[in-house]
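Residue 1 is where the sequence shown starts when you use my numbering, and the numbers rise one by one after that.
In case anyone wonders, no lab produced these hints; they're calculated from the structure. We treat Cβ as the ideally placed atom computed from N, Cα and C, and that holds for glycine. Be careful, since some hints might not be right.
Unchecked claim - Straight-line distance between alpha carbons at most 30 Å, and here's what the computed DSSO-like set of lysine-lysine pairs gives:
(1) 71 with 121
(2) 546 with 526
(3) 481 with 35
(4) 506 with 481
(5) 113 with 35
Said to hold, decoys possible - Listed next, with one range per pair, are the computed distances between beta-carbon atoms:
(6) 104 with 550: 15 to 25 Å
(7) 569 with 111: 32 to 42 Å
(8) 569 with 495: 32 to 42 Å
(9) 235 with 183: 47 to 57 Å
(10) 323 with 69: 42 to 52 Å
(11) 329 with 430: 32 to 42 Å
(12) 239 with 476: 24 to 34 Å
(13) 429 with 391: 45 to 55 Å
(14) 495 with 592: 47 to 57 Å
(15) 116 with 590: 17 to 27 Å
(16) 354 with 590: 47 to 57 Å
(17) 592 with 440: 39 to 49 Å
(18) 233 with 429: 37 to 47 Å
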Amino acid sequence: MAGAKENPRQKMIGMMYLVLTALLALQIKDTVLEKFVLIENGLQVANESMVDYNATVLESIQSDVENQGDKEGDQAVEKVAEEIRSYTTELANYIDNLKLELGKASAGGDTSKVYERSTLKKYEEPSRYLVELGNADELKTRLDDYTGKVNGAINLLGKGGMSDEWLKSIAIKAEDIKFYENNKEALKDDYAHFNFYKAPLASVLAQLTFYKNQIYSKESEALNKLRGLVGTAVTTKPGDIPNLSDVDPVTAGTPSSSPAQTPTDNASATPSNTPRSNSNSGTASTEIKPEEMLDGRFAGIDYAQATILSQSNLVTAGLDFNAQAFLTLGNSSLQPEIKLNGSPIDVVNGRGVINFKTSAREGEYDANGLATKAFEVEITAEDGNGGTITRTTRHEYQVARPVIDVRSQSVEVLYLGCANNLNINVPALGPAYQPQFRVSGGTFTTGSQKGQIIVDPSQREVSIAVSSAGLPIGTREFQAKPVPLPRLDVRPNGQPYNAKNGLDEKPTNLTLFLPSDPDFAERFPKDSQFLVSKGQVTLARGKQTKRTIEISSPTSRVDLGPLISQMQSGDRIVVYVEEIVRLNYKNDRIPIKFTGDMTLNIN
Numbered sequence: 001m002a003g004a005k006e007n008p009r010q011k012m013i014g015m016m017y018l019v020l021t022a023l024l025a026l027q028i029k030d031t032v033l034e035k036f037v038l039i040e041n042g043l044q045v046a047n048e049s050m051v052d053y054n055a056t057v058l059e060s061i062q063s064d065v066e067n068q069g070d071k072e073g074d075q076a077v078e079k080v081a082e083e084i085r086s087y088t089t090e091l092a093n094y095i096d097n098l099k100l101e102l103g104k105a106s107a108g109g110d111t112s113k114v115y116e117r118s119t120l121k122k123y124e125e126p127s128r129y130l131v132e133l134g135n136a137d138e139l140k141t142r143l144d145d146y147t148g149k150v151n152g153a154i155n156l157l158g159k160g161g162m163s164d165e166w167l168k169s170i171a172i173k174a175e176d177i178k179f180y181e182n183n184k185e186a187l188k189d190d191y192a193h194f195n196f197y198k199a200p201l202a203s204v205l206a207q208l209t210f211y212k213n214q215i216y217s218k219e220s221e222a223l224n225k226l227r228g229l230v231g232t233a234v235t236t237k238p239g240d241i242p243n244l245s246d247v248d249p250v251t252a253g254t255p256s257s258s259p260a261q262t263p264t265d266n267a268s269a270t271p272s273n274t275p276r277s278n279s280n281s282g283t284a285s286t287e288i289k290p291e292e293m294l295d296g297r298f299a300g301i302d303y304a305q306a307t308i309l310s311q312s313n314l315v316t317a318g319l320d321f322n323a324q325a326f327l328t329l330g331n332s333s334l335q336p337e338i339k340l341n342g343s344p345i346d347v348v349n350g351r352g353v354i355n356f357k358t359s360a361r362e363g364e365y366d367a368n369g370l371a372t373k374a375f376e377v378e379i380t381a382e383d384g385n386g387g388t389i390t391r392t393t394r395h396e397y398q399v400a401r402p403v404i405d406v407r408s409q410s411v412e413v414l415y416l417g418c419a420n421n422l423n424i425n426v427p428a429l430g431p432a433y434q435p436q437f438r439v440s441g442g443t444f445t446t447g448s449q450k451g452q453i454i455v456d457p458s459q460r461e462v463s464i465a466v467s468s469a470g471l472p473i474g475t476r477e478f479q480a481k482p483v484p485l486p487r488l489d490v491r492p493n494g495q496p497y498n499a500k501n502g503l504d505e506k507p508t509n510l511t512l513f514l515p516s517d518p519d520f521a522e523r524f525p526k527d528s529q530f531l532v533s534k535g536q537v538t539l540a541r542g543k544q545t546k547r548t549i550e551i552s553s554p555t556s557r558v559d560l561g562p563l564i565s566q567m568q569s570g571d572r573i574v575v576y577v578e579e580i581v582r583l584n585y586k587n588d589r590i591p592i593k594f595t596g597d598m599t600l601n602i603n
């Protein structure tokens, strides 16, 4: 299979494995681990969007079935779609639980430590849990069954199943990826060893999330195929459709007995507001002849339009474009009054212009992140006999919870008393995103770019409420932890001290270095400067203390002048530190308890 020509999906999967392989080939540093976490976070955002999309397609199928008279065959199509949605959710939940148990096994049972760097780089525990205990084999079985069972359910409708390409399993090995076609070692591995043996936890979590992405992608194709079957005279009865878990897998594609028809949208939907004179609007206007307007079939009507009503004018490549085409008739002399929720709105060419910002409270969203909202329209026009006619309608729509995308210097962790730079974006809002923030558990300032925010936590738990143009979007929670302590490095006369060789000359001063954690210093250079603020420098001889210099204010240098005259061969200079201060990005001095000591031997 590896030698065959690749389609776009195979290339995408191969690229994903190539990225994972390239990252694993690097020394496992914290920055590499964070790239895995960023990949996982990006996939989770994409997965949330696909769940919303697939739920919307299912609702469209249910609406189409109802609008076409609830025929038994269409009800069977609807039941298959519902079974696929339920089965997909069950498999996704299984993968989420697998990630949870894998994290617990790697973090010693403490789930709060799963995304700590020390846990993310572990590879023995994930390898044992997935490969040695057989959980990877169970995962492969479930992934293999998914395509076969979904295809088997669709085949029950008698209109053909999914394509051979769609039926390829998500659980792939080296032989399924062109990149590995000449890698003899990788080609020998079974599924479990190829994917999970000796792989760090960070990469395994990203791969499991990628599996969910592929499941939702296949579900999307299956649901859109089913939507095309509504109204195609399916003869299967809904009672003949079993639970999808009981369906016999069908692992070979079968041709459709008839081409899938494009489903119609809700006929009660209102066409987009487009003036009749605009030839580029997607409608064509034809004036009615006067003789027809007076006594023909078009009595009282002086214009007719061919109108296209699309479900959406923005469609992802590979998905169906769905629309209705119908004839709109009217009388240009009518000047209707149109109200939206009781308030008059502008009327252009006989059509009311409806435009408002959508919003929903947190408690209104369902499990899929959708909130059902509605508005009412009242239209009043003259009836031609001196009176008026009034028609009302109620239109429901759904508001999707926007996904808040946070990019930070560290992995979902903030540091207390530091300038934590975050970039908070809501991709679904696009150019309309006008962010405002409210932070509890700390202070913040906004950066120079849209969505940039600098958070200075004062408490262990920090929440950031995100709004756009005054409308609340959501809240993100963060944990804040103390800055990692530096280590003590005492240098006589500014030179590194060699404990093995000792000091051949009496030092005149000591430089007190407090080098910060390298990873922290790289990310927070303005928050990683330390000084000794409290301690002692003692000259000791045997068990006796000859003299002590007290350190009572922040410093990085101690003058040994008071001790030099008393120094002798065999003496020790003992430096003990009990408090340090950290200079933060605002140049504030933050006191920190510290216990450290270092002994210098005079030869």
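(message) Tell me if the beta carbons of residue 495 and residue 592 are separated by a distance inside 47 to 57 Å.
(response) violated (27 Å)
(message) For the hint 39 to 49 Å, verify it against the beta carbon of residue 592 and that of residue 440.
(response) Given about 24 Å between the Cβ atoms, the range is violated.
(message) The hint says 42 to 52 Å between residue 323 and residue 69; measuring C-beta to C-beta, is that right?
(response) violated (21 Å)
(request) Take a quick look at whether residue 546 and residue 526 sit within 30 Å of each other, Cα to Cα. (result) Violated: residue 546 and residue 526 sit about 40 Å apart, past 30 Å.
(request) Evaluate the given range 17 to 27 Å for the C-beta pair formed by residue 116 and residue 590. (result) holds (24 Å)
(message) Taking 45 to 55 Å as the stated bounds, is the beta-carbon spacing between residue 429 and residue 391 within them?
(response) Given about 34 Å between the Cβ atoms, the range is violated.
(request) Quickly compare the C-alpha distance for residue 481 and residue 35 to 30 Å and report which way the hint goes. (result) holds (21 Å)
(request) Starting from the range 32 to 42 Å, see whether the pair residue 329 and residue 430 falls in it by beta-carbon distance. (result) Given a distance of about 37 Å, which is inside 32 to 42 Å, the answer is holds.
(request) Could you tell me whether the CB distance from residue 569 to residue 111 stays inside 32 to 42 Å? (result) With a Cβ separation near 58 Å, residue 569 and residue 111 fall outside 32 to 42 Å, so the hint is violated.
(request) Using the beta carbons of residue 104 and residue 550, state whether their distance is inside 15 to 25 Å or not. (result) At 50 Å between Cβs, range violated.
(request) Please work out if residue 113 and residue 35 have their alpha carbons no farther apart than 30 Å. (result) Holds, because 18 Å separates the two Cα atoms, which is no more than 30 Å.
(message) Taking 47 to 57 Å as the stated bounds, is the beta-carbon spacing between residue 235 and residue 183 within them?
(response) holds (50 Å)
Going down the numbered hints, you'll see the structure goes against 1, 2, 4, 6, 7, 8, 10, 12, 13, 14 and 17, while the others check out.
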